[in-house]
Structure formats: C-alpha cells, structure tokens
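Asks: From first to last, the protein sequence lines stand for chains A and B. At position 184 of the first sequence (counting the first as 1) the number is 184 in this note's numbering, and the numbers step up by one without a gap. Basically this note's numbering = 1-based index in the second sequence + 304.
Keep in mind the hints are simulated off the structure, nothing from the lab. Hints are supplied without guarantee of correctness; some may be wrong.
Residues from chain B that face chain A, not an exhaustive set, calculated with beta carbons under 7 angstroms [what the hints assert, rightly or not]:
#	residue
1	402
2	405
3	412
4	505
Not close to chain B: a few residues of chain A, all C-beta gaps over 12 angstroms, as computed [claimed, not checked]:
#	residue
5	103
6	107
7	108
8	153
9	200
10	223
11	240
12	274
For glycine and all other residues, C-beta sits at the position ideal for the given N, C-alpha and C.
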Amino acid sequence: MTGLDETALSARGLGKRFGSTWGLRDCTLDIPVGSVTALVGPNGAGKTTLLQLAVGLLRPTTGELRVLGLAPRDDVGALLPRVAFVAQDHPLHRRFTVRDTLTLGRRLNPSWDDEVARRRIEGLDLPLDRKVGKLSGGQQAQVALTLALAKRPELLILDEPVASLDPLARREFLSAVLEVVSDAEISVILSSHILADLERVCDHVVILSHAQTLLVGAIDDVLAEHRLLTGPRADAAAVARGHDVIRERHTERQTSLLVRSSARIYDSRWEVHEVDLEEIVLAYLGYGEAHPEPVRELDEAVAR
Amino acid sequence: MIWLGWREQRSETIIAALILALVALALLPSGLHMASVFDHDGLAACVGPHQSGACDEAVGSFVNRFQRVGDLIAWLTLVPGIIGVLLAAPFVLQLEHGTYRLDWTQSVTPRRWIATKLGLAVGVAIAASLVLIAFVTWWRDPLISLQGRMENSVFDSVGTAPIGYALFALGLALAIGVLWRRAAPAVLVAFGTYVVLRVFFDVWARQRLTPPKALTWKAAAPDPPSLHNAWIISEGPSDRLGHLIRPHVTAAQLNECARGAGDVKKCLLSGFHPQYTHAVFEPASRFWTMQLLETGLFAGAGLALIAFAGWWTHRRAA
Numbered sequence: 001m002t003g004l005d006e007t008a009l010s011a012r013g014l015g016k017r018f019g020s021t022w023g024l025r026d027c028t029l030d031i032p033v034g035s036v037t038a039l040v041g042p043n044g045a046g047k048t049t050l051l052q053l054a055v056g057l058l059r060p061t062t063g064e065l066r067v068l069g070l071a072p073r074d075d076v077g078a079l080l081p082r083v084a085f086v087a088q089d090h091p092l093h094r095r096f097t098v099r100d101t102l103t104l105g106r107r108l109n110p111s112w113d114d115e116v117a118r119r120r121i122e123g124l125d126l127p128l129d130r131k132v133g134k135l136s137g138g139q140q141a142q143v144a145l146t147l148a149l150a151k152r153p154e155l156l157i158l159d160e161p162v163a164s165l166d167p168l169a170r171r172e173f174l175s176a177v178l179e180v181v182s183d184a185e186i187s188v189i190l191s192s193h194i195l196a197d198l199e200r201v202c203d204h205v206v207i208l209s210h211a212q213t214l215l216v217g218a219i220d221d222v223l224a225e226h227r228l229l230t231g232p233r234a235d236a237a238a239v240a241r242g243h244d245v246i247r248e249r250h251t252e253r254q255t256s257l258l259v260r261s262s263a264r265i266y267d268s269r270w271e272v273h274e275v276d277l278e279e280i281v282l283a284y285l286g287y288g289e290a291h292p293e294p295v296r297e298l299d300e301a302v303a304r
Numbered sequence: 305m306i307w308l309g310w311r312e313q314r315s316e317t318i319i320a321a322l323i324l325a326l327v328a329l330a331l332l333p334s335g336l337h338m339a340s341v342f343d344h345d346g347l348a349a350c351v352g353p354h355q356s357g358a359c360d361e362a363v364g365s366f367v368n369r370f371q372r373v374g375d376l377i378a379w380l381t382l383v384p385g386i387i388g389v390l391l392a393a394p395f396v397l398q399l400e401h402g403t404y405r406l407d408w409t410q411s412v413t414p415r416r417w418i419a420t421k422l423g424l425a426v427g428v429a430i431a432a433s434l435v436l437i438a439f440v441t442w443w444r445d446p447l448i449s450l451q452g453r454m455e456n457s458v459f460d461s462v463g464t465a466p467i468g469y470a471l472f473a474l475g476l477a478l479a480i481g482v483l484w485r486r487a488a489p490a491v492l493v494a495f496g497t498y499v500v501l502r503v504f505f506d507v508w509a510r511q512r513l514t515p516p517k518a519l520t521w522k523a524a525a526p527d528p529p530s531l532h533n534a535w536i537i538s539e540g541p542s543d544r545l546g547h548l549i550r551p552h553v554t555a556a557q558l559n560e561c562a563r564g565a566g567d568v569k570k571c572l573l574s575g576f577h578p579q580y581t582h583a584v585f586e587p588a589s590r591f592w593t594m595q596l597l598e599t600g601l602f603a604g605a606g607l608a609l610i611a612f613a614g615w616w617t618h619r620r621a622a
C-alpha cells in the first residue's frame with residue numbers, strides 16, 4: 001500500500017456497482033504525479049465510472065481510492081480545489097453567458113486565476129455575452145476546459161473530451177491540452193474510446209474493458225514489454241508456457257502471437273517484431289472479452 | 305455559492321414574480337372599488353352579529369355584488385402550488401441535464417451546493433406566499449369583515465396556510481424530481497397530486513382534524529352568536545335533540561299542490577313547522593388554531609420531502 005500519497009491517483013480493489021451490474025470491478029492501479037494518462041476502453045468499459053469516483057461524484061462500493069492522497073468522497077472539500085474535471089459532453093449551463101460561466105468559476109473556486117481565464121477566452125475569440133448554448137460543440141468544450149484550467153488544478157481529469165467534436169475541433173482541443181501539459185506541473189487523466197486521439201499527448205496508458213483494468217503502465221514500458229512473434233503453427237503452446245500471450249492468430253501455416261514478456265525468445269523459428277501501441281490496445285480489448293475462445297474464432301474470421 | 309444559486313434559479317424566480325404581479329394587477333381595481341363601496345355604503349357599522357334590517361339589506365346587496373369576483377379569486381389558492389412546483393424545476397433540471405456535475409466539481413462541496421439551492425427555493429416559496437397572502441387579505445378585507453374567513457374558499461388563501469401549501473408543493477415536486485430525474489413530468493405529476501390532496505383536505509380532512517361543534521336552537525330565536533362568521537358545514541330543521549328532519553310529503557298533497565295556483569314549494573311546506581334548527585360548524589374563533597394546524601402539517605410534510613430530496617441527491621448522485 002505504499003505510494004498512495006505520492007500518486008495522482010491510486011486504487012486498490014476499487015469497485016462500483018450499479019444495482020446488479022458492476023461499473024468498475026476490482027480495479028488496482030497507480031497513476032504517478034506529473035504523468036499524462038490515457039484511459040482507454042470501449043464504451044461502457046467503466047472509464048466514466050472510474051473518473052467520477054475520482055472526483056467524488058460517485059461513492060465506491062468496494063476497495064480504496066486516493067486522489068492526491070485524499071479520499072474523494074470523504075475529503076471532498078479538501079480535494080475539490082486541487083482537481084479539475086470536465087465531464088463527458090462537457091456539460092455547461094446552456095442559459096448562462098460565457099461571462100456568467102466565468103463568474104461561476106471565480107465565485108466557486110478560491111484558487112481561481114482570472115488572468116488565465118480571460119487570456120484563454122480572448123485567445124479563442126469568444127464573445128463574453130454569447131449564451132453558452134449558442135456556441136459550437138468545439139467552443140463549448142474550450143469553455144469547459146478554460147473553467148477547469150483557470151482553477152489551477154494539480155490534477156486535470158477529462159472524460160471523453162473529444163468524443164463529440166469534429167476532427168478540427170478535436171485537434172484544437174488536444175493542442176490546448178498539450179500546451180497545458182508542457183506548461184505546468186500538472187497531472188492529466190484523459191479517457192477515450194479511440195486511442196489515436198490520445199496517443200500524441202500521453203505518456204501513460206490504462207486499458208479498461210468490462211469494468212476491469214487489463215493493463216496499466218508507462219507507454220515506453222508497455223512498448224518495450226510487448227512483442228509480436230510469428231512462427232510455425234504448432235508451437236504456440238510452448239511459447240505460452242514461457243510468456244504471457246495476449247492474442248494468438250492462426251493461419252494455415254503460421255501462427256502469430258502478441259506476447260507480454262521482456263524475456264528473450266531463444267527459439268530461432270520465431271521471428272520477433274515490434275508492435276505499436278494501437279495494436280497492443282486492440283489485442284487487449286479482444287483479450288478482454290468474456291470468453292477467449294469465440295474471440296479467437298472472430299480473429300481468424302477477420303484474418304481470412 | 306449564493307450567487308450561483310440565484311443565477312440558476314433566476315428564470316423561475318422571475319416567473320414567480322410575474323405571476324404575483326399579474327395577480328396584483330388583476331386584483332387592484334376591483335379591490336379598490338370594493339373598499340370604496342364598503343366605505344360609501346357605511347358598511348363598517350354593520351360588522352358583527354345581530355344587525356338591524358337595514359344592515360341586513362345593505363350587507364346582502366354588497367355581498368351579492370362582489371361574491372362572484374370573490375369566487376373567482378378563490379382560484380388563487382392554486383398559486384402557492386404553482387409557485388412551489390415551479391421553484392423545484394431548476395434543481396431537478398440540473399440533475400436531468402447533468403450540469404450539477406459541473407457545479408459539484410468546482411470547489412464547493414455537494415452538501416453546501418444542495419443546502420444553498422434548496423434553501424433559496426424555500427426562501428422564495430415563503431416570500432411569494434407571504435406576498436400572495438398579503439394581497440388576498442387586503443382584497444378580501446371588506447368581505448371578510450362581513451362574512452368571515454372560515455369558508456374553504458377564503459380559508460385557503462389567507463392566514464398562514466398558503467406558506468404550507470407552497471412548501472408542500474415544492475417538496476413534492478423535488479422528491480418526485482430527484483427520483484425521476486425528469487423535470488417536466490415531475491412538476492406536472494407533483495402539481496396534480498398536490499391539487500388532489502388539497503381537495504381532499506378541503507372536503508374531508510379539515511373538518512376531521514378539528515371536530516366541528518354542533519348546536520340546536522329554537523327556530524324562532526336569532527342565530528346563536530358562535531355561528532357568526534363560522535364555517536357552516538351543515539344546517540337544517542331538526543327536532544329538539546338535533547336530529548335533522550325532513551318534511552313528509554304524501555302523493556295526495558303533491559297532486560293538490562301541483563294543481564293549485566301559488567308557489568308549489570310553499571304549498572308543500574305549508575304543514576311543516578320545525579321547532580328547532582341544528583347546525584354543524586367550525587366557529588370563527590378557531591381560525592388561527594386551524595390555520596396553524598394546517599400550515600404545520602403541509603409545511604412539515606413539505607420540509608420533510610425537501611430534506612429527503614437533498615439527502616437522496618447527495619447519496620445517489622450520478
């Protein structure tokens with residue numbers, strides 16, 4: 001249990017149940033301070049649940065959660081000034097003007113930096129008297145981000161920040177996030193069901209599927225640990241004994257295995273390839289299906 | 305946080321103020337007119353039990369003249385309910401639209417956010433009820449001095465009861481709203497339920513909370529003073545013990561009366577001379593007891609529902 005207080009976010013056996021279904025189950029992970037973490041997984045994987053637990057919008061059913069060393073639900077008053085959250089679809093008061101929205105931020109946050117807010121809104125060229133509901137989706141996302149940044153948080157949490165944006169707005173938003181990340185000593189957690197959105201801004205990755213964490217780590221380590229092996233069909237079982245096989249695909253003569261292992265592969269019949277992050281994530285999400293067997297069949301079908 | 309609470313409730317507060325302004329505007333001319341007629345006819349001298357024949361006549365014509373407007377104004381008893389459910393809307397809308405997540409992830413704790421917002425809604429509901437009570441009481445003042453304020457149509461919109469009604473409507477809409485998380489249907493269902501409960505109170509519950517008095521007196525004698533300005537629940541001819549009696553009409557008598565000239569009703573009752581009158585009533589002296597009892601019941605239930613809505617929202621958010 002060491003490290004709980006030095007991390008941006010630490011979970012131990014964290015679970016959240018909604019009625020009879022688990023939104024998040026037995027989740028254990030550490031996200032270091034200063035990292036930019038991509039939280040990846042298909043829709044319904046539990047990303048939003050984890051992030052809402054982190055800001056105290058939900059109460060954990062099981063396990064323990066620390067955000068900046070604090071329990072989000074119990075220490076909510078101490079935690080909130082240090083964390084900024086942009087919820088999915090960046091909800092804002094549609095009847096508020098941009099000015100009202102900034103006033104909300106100023107009145108509700110003791111650490112509010114009006115200079116930051118003013119500069120960002122000016123940079124975005126947004127009229128202060130415009131109703132938020134009349135802004136484009138991209139502009140609304142930027143206003144929500146401004147509200148979060150002017151709070152000067154130690155931890156910035158963005159839930160599917162770009163899901164509802166068109167490609168241009170998406171790029172602009174991520175550029176804004178990149179700028180923040182390079183500027184300040186801030187930890188960032190972003191979730192998305194599309195990894196490509198996040199790959200260029202993140203240095204850590206968490207893969208979630210079916211309410212469970214499948215992989216947690218620094219992207220460099222993850223890339224170093226995973227390799228794709230191709231070789232004769234029959235010998236897959238031998239490899240599986242020594243290495244953690246994430247995904248296997250078979251064709252008539254050849255088998256390809258995506259393995260997690262830093263150990264050397266001595267068998268010269270196997271060719272070893274590097275893999276990129278996207279392929280690793282896709283492999284995990286396939287692996288995460290409830291029954292591995294049908295997944296393999298599906299993969300074979302795709303290969304044919 | 306208070307600024308935000310106001311800002312998020314601004315539209316509804318303005319609508320409530322507009323409703324009150326409209327009511328005031330509609331009542332002002334007839335209220336002034338009624339007050340001036342009251343003064344002009346010197347009716348202040350006719351206030352109180354057992355008046356002269358001249359007074360009876362003057363009072364009768366005054367009441368006839370303004371009774372219909374008074375009956376219309378009885379509908380204002382719906383206003384505390386409308387304002388109550390209206391003020392629940394901003395809170396429920398924030399749950400429906402998810403914007404509470406924005407407010408809850410600033411630096412204000414959910415507990416304080418809930419307390420401030422519900423507190424403001426309660427404050428505005430009470431203030432609006434007080435304004436309505438003041439206006440209706442002013443408007444009705446001449447009629448009240450002649451007829452009292454115990455009848456349902458008056459009782460419901462004066463005293464303190466409207467405060468209880470507004471808080472109850474607010475609490476009901478909030479409780480349904482936080483469970484349902486849909487503002488529009490919650491507000492409508494709450495208002496419907498509120499109206500049904502109010503009717504139930506008017507026609508059934510009120511006279512059982514404070515069991516009414518009963519009196520039997522000689523038909524020839526003047527009405528007992530305790531009946532003055534009372535809410536008369538029932539009154540009719542009776543025997544000495546107060547058992548109500550009805551004229552017994554035979555078929556032959558009916559034929560005869562139908563064939564005869566003159567007033568049929570008078571003819572039928574010609575042989576009917578009840579010695580006593582019996583009345584069941586709530587005396588005017590009970591006004592404040594009944595008002596405070598009803599205010600307490602509605603306001604207590606309303607505040608309990610509001611507390612539930614706050615607790616539930618805090619407990620079951622998202």
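Asks: Give a verdict on every hint.
Replies: Status of each hint after checking the structure:
no.	hint	verdict
1	402	holds (5 angstroms)
2	405	holds (4 angstroms)
3	412	holds (5 angstroms)
4	505	violated (37 angstroms)
5	103	violated (7 angstroms)
6	107	violated (5 angstroms)
7	108	violated (4 angstroms)
8	153	violated (10 angstroms)
9	200	holds (26 angstroms)
10	223	holds (33 angstroms)
11	240	holds (42 angstroms)
12	274	holds (40 angstroms)
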